[in-house]
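All chains should be modelled from the sequences, with the hints used to inform the complete structure.
Protein chains: 2
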Amino acid sequence: MNKTLKLCFIGFGNVGQKFSRLLLEKEEWLKSRFSCRVIVTGIAGRSKGSLVNTGGLDLTAVLSMTEQAGHFDPDSPDFFTGTPEALMDASEADVLVEMSTLSIRDGLPAADYMRYAFRHGMHVITANKGPEAWYYNELKDLAADNGVQFLYETIVLDGTPTFNLMTETLHGNALSGIAGILNGTSNYVLKLLEEGRSYEEAIRAAQEIGLAEADPSMDIDGWDGAAKICAMANILMDAHITPEDVSVESVRSVTAEALKRARSRGKCIKYICRAKRAGDKVLASVRPEELPREHAYNSVNGTSAVFTLYTDLAGELTVIQTDPGLLQTAYGIYSDLITLMKRI
Amino acid sequence: MNKTLKLCFIGFGNVGQKFSRLLLEKEEWLKSRFSCRVIVTGIAGRSKGSLVNTGGLDLTAVLSMTEQAGHFDPDSPDFFTGTPEALMDASEADVLVEMSTLSIRDGLPAADYMRYAFRHGMHVITANKGPEAWYYNELKDLAADNGVQFLYETIVLDGTPTFNLMTETLHGNALSGIAGILNGTSNYVLKLLEEGRSYEEAIRAAQEIGLAEADPSMDIDGWDGAAKICAMANILMDAHITPEDVSVESVRSVTAEALKRARSRGKCIKYICRAKRAGDKVLASVRPEELPREHAYNSVNGTSAVFTLYTDLAGELTVIQTDPGLLQTAYGIYSDLITLMKRI
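Protein sequences, first through last, are from chains A and B.
Note that my numbering numbers the first sequence so that position 62 is 62, with each residue one more than the last.
Note that my numbering numbers the second sequence so that position 86 is 86, with each residue one more than the last.
Hints were generated in silico from the structure; no laboratory data involved.
Don't take each hint at face value.
Since the list gives no way to pick out one identical chain from another, each pair is judged satisfied if it fits inside one copy or across any two copies.
With a straight-line cut-off of 35 Å between C-alpha atoms, the simulated DSBU-like cross-links for lysine-lysine are [unchecked claim]:
1. K3 with K191
2. K31 with K6
3. K48 with K140
4. K342 with K140
The structure is reproduced here in structure tokens:
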């Protein structure tokens, strides 16, 4: 019972805070399940400052300080000034929990933090899909070369088993394809368009419920979907592609008129991500597609998401995640932590 | 590379034969993946006779004999006369693959074969949901007491990860409920009723495509669904219930008129199995329920099936299996074999 697992966080936004709360709640369970104490020895916030304590930060105090002041107290004895790399060193952590700001366009700086962690013998759990979309094979090899784990369950559909579904349960299957509605904002916007709202109104509504970013073009123009299908294809189908290889059509190409016409013919239009094996290549796309109105994908609305795996032995499997929130994202990271503790 | 895993089959119907073909196809893969040769040393057919060869039966020859003659050759040197229990002994097997005729009403004789196997130190993989519905906790304890594995992935939704989904990927989650369309025949019959066919016509059509048994009452009156939700609740929610505890309403209670009325109000009627935690009990039911027409369950037709898990951390997850066939059932058993080989 004197084993200790030290975590270092990069990023302490909504997800990092929710994950911290989950850790506090599950502290005793983890201790009794794995005979191991999990502590957080470093946190690098973007605008909040950074904290280090190799004996373990007081998470409850850190959370209440963050809630009250919006940043860490520069007078705290744990306050740390330095780069995230310096913080990783100072924290003496076993695991980097990488939750930095999303970086779809190039996977940076998240991928650089992960490279640094791997080279310094740290396991990595990431909530960032950019690195897997852009550099999956390099990062996977780097982790293997350094004998450490590389986990990323939460990057698609949060805590819903996606990558674990394949590696832990669908053993022996080969995938011929993947499909899915992977971006909530564009899906939500389509629904509102169908109900007669304009693009501008729909995007504003998506922003109001916290779905869309201030700049919604990443979602609406398909880049978020492209990064996600890319990460899935790289991880599950050994695709060796980047978002630049994905054929992307913006959801803006769908008119209210087209939605009405589809509806009158018993159809619906959904914004679908696909990856498909074609010879020794994997072709990926993100585009509006017409489906029968009673298709399972037509039941996927709001923040819900869905993916389908086309397997050779288990057949066609569809997984729907209904109305996820922040807890589900935090659970994805927590689930990786359990996977890690089971493996090491 | 001189490890050998010996399997003994009870039952050699469609599923057993398909599983044998899959074993032959995957022989080399299993050998290279686990450095272990998998052989079949005993087969107890119901009407085909039985075979034993502790050095390994020639599965290719057994399959072609079965195809040509419909039974095993009594003049074969491997031909065996005796009870399934005597065959388990004679086969010197490490694993019982239990595929005997379905026994929903009492789980017998399948449960007895499994008890015998556990007591004699054999792992058990079963395709039979009866034993898990009636005697799950007793069998689980018996397996644990004898230090052997007890696996049953294929009993609900064939090879679709159901039990493995929970144990291998949704670590740390508690379930508050399960729902699902778990019986294909009754679901198919409802669909045809909605299209204006009579019950008799619908049942005959389900029989013609091989969905319904000669006596379809097990499906139509909800007992198959009751056994499945019972097995799921016992295994995943520690429910300690039997099919007698399930509140069952036959799908016959749904009239064509009720289906039409539901449709006119933008609804549909589906035959739903449920288990729900209520205090320290788990309440289970199988009955027709009205759902919105755009509900994911309304896209589940033909032989397709679906289940939903209500979890505390990962949220609400729905898994749809689309158009499964015999390969998917065989894969469920094969997937258990891989789980077993990973664990031992």
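Verification of the hints:
no.	hint	result
1	K3 with K191	neither (51 Å within a copy, 57 Å between copies)
2	K31 with K6	within (13 Å within a copy, 39 Å between copies)
3	K48 with K140	within (31 Å within a copy, 51 Å between copies)
4	K342 with K140	both (19 Å within a copy, 22 Å between copies)
Violated hint for the displayed structure: number 1, the only one.
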